[in-house]
Amino acid sequence: DAGITQSPRYKITETGRQVTLMCHQTWSHSYMFWYRQDLGHGLRLIYYSAAADITDKGEVPDGYVVSRSKTENFPLTLESATRSQTSVYFCASSESRQGYGYTFGSGTRLTVV
Amino acid sequence: RKEVEQDPGPFNVPEGATVAFNCTYSNSASQSFFWYRQDCRKEPKLLMSVYSSGNEDGRFTAQLNRASQYISLLIRDSKLSDSATYLCVVFQAGTALIFGKGTTLSVSS
Numbered sequence: 643d644a645g646i647t648q649s650p651r652y653k654i655t656e657t658g659r660q661v662t663l664m665c666h667q668t669w670s671h672s673y674m675f676w677y678r679q680d681l682g683h684g685l686r687l688i689y690y691s692a693a694a695d696i697t698d699k700g701e702v703p704d705g706y707v708v709s710r711s712k713t714e715n716f717p718l719t720l721e722s723a724t725r726s727q728t729s730v731y732f733c734a735s736s737e738s739r740q741g742y743g744y745t746f747g748s749g750t751r752l753t754v755v
Numbered sequence: 133r134k135e136v137e138q139d140p141g142p143f144n145v146p147e148g149a150t151v152a153f154n155c156t157y158s159n160s161a162s163q164s165f166f167w168y169r170q171d172c173r174k175e176p177k178l179l180m181s182v183y184s185s186g187n188e189d190g191r192f193t194a195q196l197n198r199a200s201q202y203i204s205l206l207i208r209d210s211k212l213s214d215s216a217t218y219l220c221v222v223f224q225a226g227t228a229l230i231f232g233k234g235t236t237l238s239v240s241s
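As you go down the protein sequences, you meet chains A and S in turn. Basically this note's numbering = 1-based index in the first sequence + 642. Basically this note's numbering = 1-based index in the second sequence + 132.
No wet-lab data here; the hints were simulated from the structure. Cβ coordinates follow ideal geometry from the N, Cα and C atoms, glycine included. Everything hinted at is true.
Going by beta-carbon spacing under 10 Å, a handful of chain S positions derived as facing chain A:
id, residue
1, Lys134
2, Phe165
3, Thr227
Model the full assembly from the supplied sequences, consistent with the hints where possible.
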């Protein structure tokens, strides 16, 4: 089915482990984004990408790594998970340069213990 | 200072009430403006774009005042199904959507 999918939906990991959150979109949108959402902070941008092999830092990039070797995939890796990275992570994609047409995935709820 | 600021609420209103949400943004270079809706920590979904001329979509009216850097959302004849968190969102060129923390609305019968 067309759309944007995130996996896994839920993940529990231990402090210090590496974990990768997956994001896949079927529209061939140029732009993809990772946000995290925490109580008291709202949605904050982690990284974004304007095209394959082009990525940029957002507001809260520390501790995260992204790659975009293919237009449709935008994985987010926590290299050494910390408890402060416990959050809900949303991926989004868009074709617009003006902020229109963002579509979000269903989110990944990550708990770091 | 947060780039997009909203009153977090909660706003508790009865069915049929009119409720207004306000939002301010700090960067005058912001180019595009939106209201998103989010249910119970599900993904945010676009409610409507906001234009300087004001725009309406059924019971929802959005206004933008660029001079005051102020955005508003008015909901008339509130329904139970309007209960959600409403996110004020701005876009700045060269970056991505910037979200406010959201305003929670609870509509009761």
